[in-house]
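> Residues per chain are reported as follows:
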Amino acid sequence: MLSLLIAGLLGALTSGTAVPGAQASVSLPPFTVGYEPSSVDERGIWMEADERERRLRDSTLTDRDEALNRYLRDVLCRTVGQERCTGVRIYVVEMPAFNANMAPNGTMVIWSGLLLRVRSEAELAAVLAHEFAHFELRHSLHGYKQKRRASDFAAWIAVLGGLTNTNTSALQQSLLGSVFQFSREEEEAADRLGFQYLAAANYPTIAASQLWQNIMAESDATAIGHGQKPKQHYNAGFFDTHPTSLRRADYLAEESKKVGDTGRDARVENLRAAMASHLPEWLDAQIKLNDFGGTEYLLQQLAAQGGWTGELLFSRGELYRLRGNPRDIVASVQFYREALAAGYAQPMLRRNLGMSLLRSGQKNDAQAELHEYLRLMPDATDAKAIQALLIQ
Amino acid sequence: MNRIFAVVAALSVAICTPAFGGNSLVQPGIQKAIARSSLSAKADGEWNRLARRDGKFVELWTRDGDSLNKVSFFGGVPIGEPLLREADKKNRPLPKVGSNMLITDIPALLESSYRIQFGANRFSVNEQEPATFGGYPGVKFSYTFINDADEVERKGEAIGAFIKDKLYLVTYEAPSIYFFDKDLSAFRSLVVSLQLEPKR
Chain A
0 MLSLLIAGLL
10 GALTSGTAVP
20 GAQASVSLPP
30 FTVGYEPSSV
40 DERGIWMEAD
50 ERERRLRDST
60 LTDRDEALNR
70 YLRDVLCRTV
80 GQERCTGVRI
90 YVVEMPAFNA
100 NMAPNGTMVI
110 WSGLLLRVRS
120 EAELAAVLAH
130 EFAHFELRHS
140 LHGYKQKRRA
150 SDFAAWIAVL
160 GGLTNTNTSA
170 LQQSLLGSVF
180 QFSREEEEAA
190 DRLGFQYLAA
200 ANYPTIAASQ
210 LWQNIMAESD
220 ATAIGHGQKP
230 KQHYNAGFFD
240 THPTSLRRAD
250 YLAEESKKVG
260 DTGRDARVEN
270 LRAAMASHLP
280 EWLDAQIKLN
290 DFGGTEYLLQ
300 QLAAQGGWTG
310 ELLFSRGELY
320 RLRGNPRDIV
330 ASVQFYREAL
340 AAGYAQPMLR
350 RNLGMSLLRS
360 GQKNDAQAEL
370 HEYLRLMPDA
380 TDAKAIQALL
390 IQ
Chain B
0 MNRIFAVVAA
10 LSVAICTPAF
20 GGNSLVQPGI
30 QKAIARSSLS
40 AKADGEWNRL
50 ARRDGKFVEL
60 WTRDGDSLNK
70 VSFFGGVPIG
80 EPLLREADKK
90 NRPLPKVGSN
100 MLITDIPALL
110 ESSYRIQFGA
120 NRFSVNEQEP
130 ATFGGYPGVK
140 FSYTFINDAD
150 EVERKGEAIG
160 AFIKDKLYLV
170 TYEAPSIYFF
180 DKDLSAFRSL
190 VVSLQLEPKR
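Protein chains in written order, with numbering that gives the first Met the number 0: chain A, 0 to 391; chain B, 0 to 199.
Bound-form chain B, shown alone:
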């Protein structure tokens, strides 16, 4: 009887697991190999790592669900690759990382990708200033956008840099009302702790 119960329990666990989609808990502390790259960061609280990846070089973290707060790590997008997986490669290809892009081209690349992929027809890049990304010179910028799917105004803050011919970018996005401010400090402490480990 017990054995049958164990089998049933094991089966039900197996069946239930996909319901969580393979999302996993990010414990406070140093996280290595983010976005399967040499990127590491120190989380000062719990986050959820989504099983969904929006592209080959992307890892997504959230606290309350990615439409409420989302941190995207773009871990070393090489030249010639788009930031995100293209939803319609044939008719709506995304812009690619270029060979001699400047730091000010990073916000423009993100904007164009969002306009095409998410129908973010209102997207404005606001403050742009120099910043260091894991010790490398980069750019920190803020932005506001509205996707046509839910028409919610979201704010974003990001830091990006070109390091050894690859684009590293970490963005934080949340609805302007309440949510953006709620986890902004948690994001900023992640940014401060960003490191590029020597090659694994």
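The following block holds chain A by itself, in its conformation from the complex:
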């Protein structure tokens, strides 16, 4: 009966949105509008999730920009279907790192650092679909039950081991491992179901794999920038809750080959338009993280899409100036000047170009730039400090 219901619902979902060649091998779980938790455990984790959501709603770090929130909701609804997306509330949190998560009650949290890193609407849809899949598959509940079962079991084994004077550490270890293994399996299940949504919504499915490739490349660039060896894991460790990025990129790419991406649109421009007004603040937060390698990689990626705009060149100048090696200061002067030539007109450019010139010993040029900054911003909050630098 249940399987019939699942098949029926699956049919209902795919009939409206399916595209030729889309895989329909994964059964979608039953879906009800206005689903209410049904067991004691589920009601408990929902209650906790409701509390967390209240805090999130009132948090000062939540981005309440209407246009951005509307855009994200539209992408989610386009990806998982109008009916299903009604069960989800999206919150954008100002955190300059790549992360998103989903609570059992339908709270979806997206960090601003993730929005800075997706290259197309299709990649964004891949993330939203993955998180939605966790929600739909009720992973929080299953994970919670699995942890409880394993710890109950471990406690009984310890008691029995004590009574019979048997060493149970190996068994306990494998129970602990099963929890992490379970978490990795759920991640993969969410990846695969998310993939189905991506395919059904007519986004290029390779986006899911590309996203992980980009994350790996950035993490390598960060490691190199910090003077470490780039290190991508080929196998998930014992305590890892997620499969390795490499494995995810691989199986998602494999799925994508099966589906084929002809005639699908990644909607790159739509994403760029929606993010444009937030880009300066997100870049600013990223640049101040002292992650030279990763940030340089990000800027290169952004420039590869839309060219080196004045905004990106200014950010690059900032990145180099903040690392502050003598050669970086010289490079930053060049980037600031290129930004100026590209039409970047923010007064901060004059200020920071002046700072770099001053630090590289070009006092006359520096003074000209700093005077220009003060002319443009006579009431700048740092005007007095800048004047002090000018008379030194």
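Note that these hints are calculated values from the structure, not bench results.
Do not take every clue at face value.
Said to hold, decoys possible - Heads up, incomplete: computed chain A residues facing chain B, CB under 7 Å, no partners named:
#: 1; residue: E93
#: 2; residue: R148
#: 3; residue: L288
#: 4; residue: N289
#: 5; residue: T380
From the three backbone atoms N, C-alpha and C, an ideal C-beta is built for every residue, glycine too.
Knowing the structure of chain A, use the given hints to seat chain B on it.
Structure of chain B alone, referenced to chain A:
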């Protein structure tokens, strides 16, 4: 009997002491060798010196607990060193004091360190003006920030200078509501009294 009591009392004192974590009282008057440096200041009231040090060159003072009001003395951070002890040196290294930094780089260094170390994703530097730090030219600045741990908006005021290739910085931070204004004048009188003693 008395001897046993004395032993018990001594033991209980010994056991109880770590509960205070080795924090100590700062009496009103001149305090020398702050942050194990040549920095001295005159306290016009009582403060508490925390046993916890957030870095090699840091000393922390507070009145009501460091989340309510905190004065951090950075006593001569040399070139190539971060302001704070790095929580995750490998993955989240902090920016270091640079060789030819300008006074306007001091607020930027503090901002970046806080963003990385405390997840202060909202941090804005406000007024910046020239000031003297124990007779040396420096910068005085104010700032506002929110740490992701408690999301409380805090205000800060600080004075810093590069003196003989070392960064000296004294900051005062407290929640914007009530606490910042409460001890601001006490902090400002500390700042006025800052001195760099000749080498001990």
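> Each hint should be assessed against the structure and marked as holding or not.
Each hint tested on the structure:
| no. | hint | verdict |
| --- | --- | --- |
| 1 | E93 | holds, 5 Å |
| 2 | R148 | violated, 33 Å |
| 3 | L288 | holds, 6 Å |
| 4 | N289 | holds, 5 Å |
| 5 | T380 | holds, 5 Å |
Of the hints listed earlier, the one the structure fails to meet is number 2.
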